[in-house]
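K.L.:
Chains as they are written, first to last, in the numbering used here: chain Z, 92 to 350; chain H, 92 to 350; chain E, 92 to 350.
None of these hints come from the bench; they were simulated from the model. Certain hints may be false.
Identical chains share a label here; the pair holds if one copy fits it or two copies do between them.
To be verified - Straight line, CA to CA, 27 angstroms or less: simulated DSSO-like cross-link-like pairs of lysine-lysine:
1) Lys208 x Lys229
2) Lys104 x Lys272
3) Lys171 x Lys104
4) Lys171 x Lys331
5) Lys229 x Lys171
6) Lys240 x Lys104
7) Lys168 x Lys104
8) Lys259 x Lys182
9) Lys168 x Lys272
10) Lys345 x Lys182
11) Lys182 x Lys240
12) Lys171 x Lys259
13) Lys171 x Lys308
14) Lys255 x Lys168
15) Lys345 x Lys168
16) Lys255 x Lys208
17) Lys168 x Lys308
18) Lys150 x Lys272
19) Lys104 x Lys259
20) Lys182 x Lys229
21) Lys240 x Lys345
Owing to the predicted nature of the structure, the values given are computational and were not obtained by experimental measurement.
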Amino acid sequence: MFEARLTQGSLLKKVMEAIRELLNEASFDCSENGIQLQAMDNSHVSLVSLNMGSEGFDKFRCDRNLTMGMNLASLSKILKCASNSDAITLKAQDDPDTVTFTFESENNERVSDYSMKLINLDQEHLGIPDTEYSCVVKMPSADFARICKDLSQFGDCITISCTKEGIKFSVAGDIGTGNVKLAQTANVDKESEAVTVEMQEPVSLTFACRYLNHFTKATPLSEQVQLSLSADVPLVVEYKIGEFGHIRYYLAPKIDEDD
Amino acid sequence: MFEARLTQGSLLKKVMEAIRELLNEASFDCSENGIQLQAMDNSHVSLVSLNMGSEGFDKFRCDRNLTMGMNLASLSKILKCASNSDAITLKAQDDPDTVTFTFESENNERVSDYSMKLINLDQEHLGIPDTEYSCVVKMPSADFARICKDLSQFGDCITISCTKEGIKFSVAGDIGTGNVKLAQTANVDKESEAVTVEMQEPVSLTFACRYLNHFTKATPLSEQVQLSLSADVPLVVEYKIGEFGHIRYYLAPKIDEDD
Amino acid sequence: MFEARLTQGSLLKKVMEAIRELLNEASFDCSENGIQLQAMDNSHVSLVSLNMGSEGFDKFRCDRNLTMGMNLASLSKILKCASNSDAITLKAQDDPDTVTFTFESENNERVSDYSMKLINLDQEHLGIPDTEYSCVVKMPSADFARICKDLSQFGDCITISCTKEGIKFSVAGDIGTGNVKLAQTANVDKESEAVTVEMQEPVSLTFACRYLNHFTKATPLSEQVQLSLSADVPLVVEYKIGEFGHIRYYLAPKIDEDD
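Isolated chain Z, as found in the complex (with noise of 0.2 angstroms):
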């Protein structure tokens, strides 16, 4: 037997929000500590980590671990369902071939539920080494998003700088150049605002857009995104998940061509 109930159901609909683009299907992975998700997107880029711990939900209950293959286009679907203030219960048998997703409105007159089939996936399980980065950066996630969602418009690579002064985000193309600059923040009001590095040594680092811009579909789940940069090992984007969980997107820096 496996349950999960969430108060705050949005979080859910975020989530998948998040992965939705990057991901055609996902196989979830349930235990006594929680539900991961891991896996490389549909082009076989970028790589997606989720984390959800069962201390972050109202009721967690899983007898044996549990592995749930899942087509995102029919759980998307079914989380739309959800309003944003319902309470989501995730139900499943020990060895399952359907889920069940309960949503209960505030003061539980309306009750609906949702039976989707599983599917089964292959999974190939990567180990993500634990890294010392050279930089990392959290800034608003909000900003993050807007700057790479601008400098796509004109070039295909962004290139992520940063210093200890602060972090500086490039692009050139066809019709020109730009960068777009943030200082590291003094101090500020609302932390959510803040822009802290933490240096070990100056990086410079070159995406692709098309990845960073799926990255961003994450942005509702945090107001603030780190980024986690070294030399030739993958850029981490990660948000965290109320206080309990985190999604982190692990994407390659582009070789330069003229080395």
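Using the hints, position chains H and E against chain Z.
P.N.:
Same frame as chain Z, but now just chains H and E:
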């Protein structure tokens, strides 16, 4: 001479939205009692019946009964030109080939008039027998619209089941099943949020989503919708038009093919 | 060296929106007096004339007169990257082949710069004779936009008739006719809502809807629009740009084919 003036012109705009998906053209019957319309939808599956009593108009004069056939795409274009706060006046001669719409802004500083050619339409008035329904449900119209839209994602038909506890909407399709249950509300602060069920005997009937979704275009007219159900007779979906009229949609249930 | 800084950068964004539907590319003429642009629209029917006086800029320096030819699709992409509250600075060398745009956020923590290649454009400056107009109408720009859009549904041309009582917009087409009449306002609380008519003699002229609708893209620039009309000369539609500039559109009336 026919003349009808409605200070709250936005009502007419909403009535138009409520029928334009279902009907390409329609005959409006005007008499001293008010304005009526009855028509099968374009695909001859459902029936629309509209009634606006003369008492709801600020001014209403109809010297001789008359029938005005209108192209609803044209009518829709004209009513779009009225602001929501405009008063709307309809005028026609006794044996008219055009109808005139006058829109007056609140301060009367903007006055628009549109003249539209009428068309000749065949008419067949269907007698709608008075029926005692097994179940009559009143519920928030926005909830009904949301449920029809949500469940339509999963299949072509929705089963509406009604007991004295409440009403259930169900769907089954390729990706799974869905149910939305609304309990009869005990006491609610706002009457518009109440769910009430008057039941003689329980019913469970299945309807094509497509038409239910068309009917919900009337949602802006009224905060509550009334569903009347009996085995083997058409469902009636009714929205009030202010205090002086209503729009009713009739849709026959699907016959269970296993019978 | 050319440098022009505008704290209220959103004005430049609005100017861009006001011309980009009409023009694919345009030459901006810079002198110590400010920035000017004059161009026929893509189909060579209407004329756009833009003027921003140097006094409206926080900083304005233009050592030598220069002309910068820009692709407006590219310029539009760049200006979209400016937030509405950003200050915008344009910079160019004396004989430039690029222009640089710098966007600074209010707290100066985000600084973006975009460099765009200039293009060479043929230029033909048309002398626009000073004309005494028979009628000069000022009216709310949003009303003008709404009326042009509404009436365009019914025909290709709008007839604008002006008397000392007010202004009338008319259309006739297949489905019928439409007229919108605005009375000169006696006294209004808000100047922006006034309709005023200065009339030497009444006029009635017909214009292509298509261009009028293009002109109304300038609506966000100003709450009032000024229409200047005389028989047989182009209509002038003018929007103020703050206190220091204007955009004027010129459109010749349709010749009555019965003449």
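K.L.:
Decide, hint by hint, whether the structure agrees.
P.N.:
Status of the hints after comparison with the structure:
For a Cα distance limit of 27 angstroms, the shortest separation of Lys208 from Lys229 qualifies neither inside one copy, at 39 angstroms, nor across copies, at 34 angstroms. Taking the shortest alpha-carbon separations for Lys104 and Lys272, only the inter-copy value of 21 angstroms comes in at or below 27 angstroms, while the best intra-copy value is 32 angstroms. For the homomeric pair Lys171 and Lys104, the shortest alpha-carbon distance inside one copy (7 angstroms) is at most 27 angstroms, but the shortest distance between copies (29 angstroms) is not. In this assembly of identical chains, Lys171 and Lys331 lie within 27 angstroms of each other by CA distance solely inside one copy; the values are 22 angstroms within and 29 angstroms between copies.
Proximity of Lys229 and Lys171 under a CA criterion of 27 angstroms is satisfied inter-copy only: 25 angstroms between copies versus 30 angstroms inside one chain copy. Proximity of Lys240 and Lys104 under a CA criterion of 27 angstroms is satisfied in both settings, with 22 angstroms inside one chain copy and 17 angstroms between copies. When the C-alpha separation of Lys168 and Lys104 is checked against a cutoff of 27 angstroms, the pair qualifies only within one copy, where the shortest distance is 10 angstroms, while the shortest distance between copies is 32 angstroms. In this assembly of identical chains, the alpha carbons of Lys259 and Lys182 lie at most 27 angstroms apart only when taken from different copies (21 angstroms versus 45 angstroms within one copy).
Taking the closest pair of Cα atoms, Lys168 and Lys272 come within 27 angstroms of each other only across two copies (18 angstroms); inside a single copy the shortest separation is 39 angstroms, beyond that limit. Taking the closest pair of Cα atoms, Lys345 and Lys182 never come within 27 angstroms of each other, the shortest separation being 42 angstroms inside a single copy and 32 angstroms across copies. Taking identical chains as interchangeable, the C-alpha atoms of Lys182 and Lys240 lie at most 27 angstroms apart only when they sit on different chains, with a minimum of 24 angstroms there against 38 angstroms within one chain. Within a single copy, Lys171 and Lys259 get their C-alpha atoms only as close as 37 angstroms, which misses the 27 angstroms cut-off; across copies the closest is 19 angstroms, which meets it.
When the C-alpha separation of Lys171 and Lys308 is checked against a cutoff of 27 angstroms, the pair qualifies both within a copy, at 16 angstroms, and between copies, at 20 angstroms. In this homomeric assembly, Lys255 and Lys168 never come within 27 angstroms of each other (Cα to Cα): the closest approach is 44 angstroms inside a single copy and 30 angstroms across copies. For the identical chains of this complex, Lys345 and Lys168 are inter-copy neighbours only, at 25 angstroms across copies versus 35 angstroms inside a copy, given an alpha-carbon limit of 27 angstroms. In the homo-oligomer, the alpha carbons of Lys255 and Lys208 never lie at most 27 angstroms apart, since the shortest distance is 50 angstroms inside one protomer and 32 angstroms across protomers.
For a Cα distance limit of 27 angstroms, the shortest separation of Lys168 from Lys308 qualifies both inside one copy, at 17 angstroms, and across copies, at 21 angstroms. Taking identical chains as interchangeable, the C-alpha atoms of Lys150 and Lys272 lie at most 27 angstroms apart only when they sit on different chains, with a minimum of 22 angstroms there against 44 angstroms within one chain. Within a single copy, Lys104 and Lys259 get their C-alpha atoms only as close as 32 angstroms, which misses the 27 angstroms cut-off; across copies the closest is 24 angstroms, which meets it. Within a single copy, Lys182 and Lys229 get their C-alpha atoms no closer than 36 angstroms, and across copies no closer than 32 angstroms, so neither meets the 27 angstroms cut-off.
For the homomeric pair Lys240 and Lys345, the shortest alpha-carbon distance inside one copy (19 angstroms) is at most 27 angstroms, but the shortest distance between copies (44 angstroms) is not.
Violated hints, listed in ascending order, are 1, 10, 14, 16, 20; each of the other numbered hints is respected by the structure.
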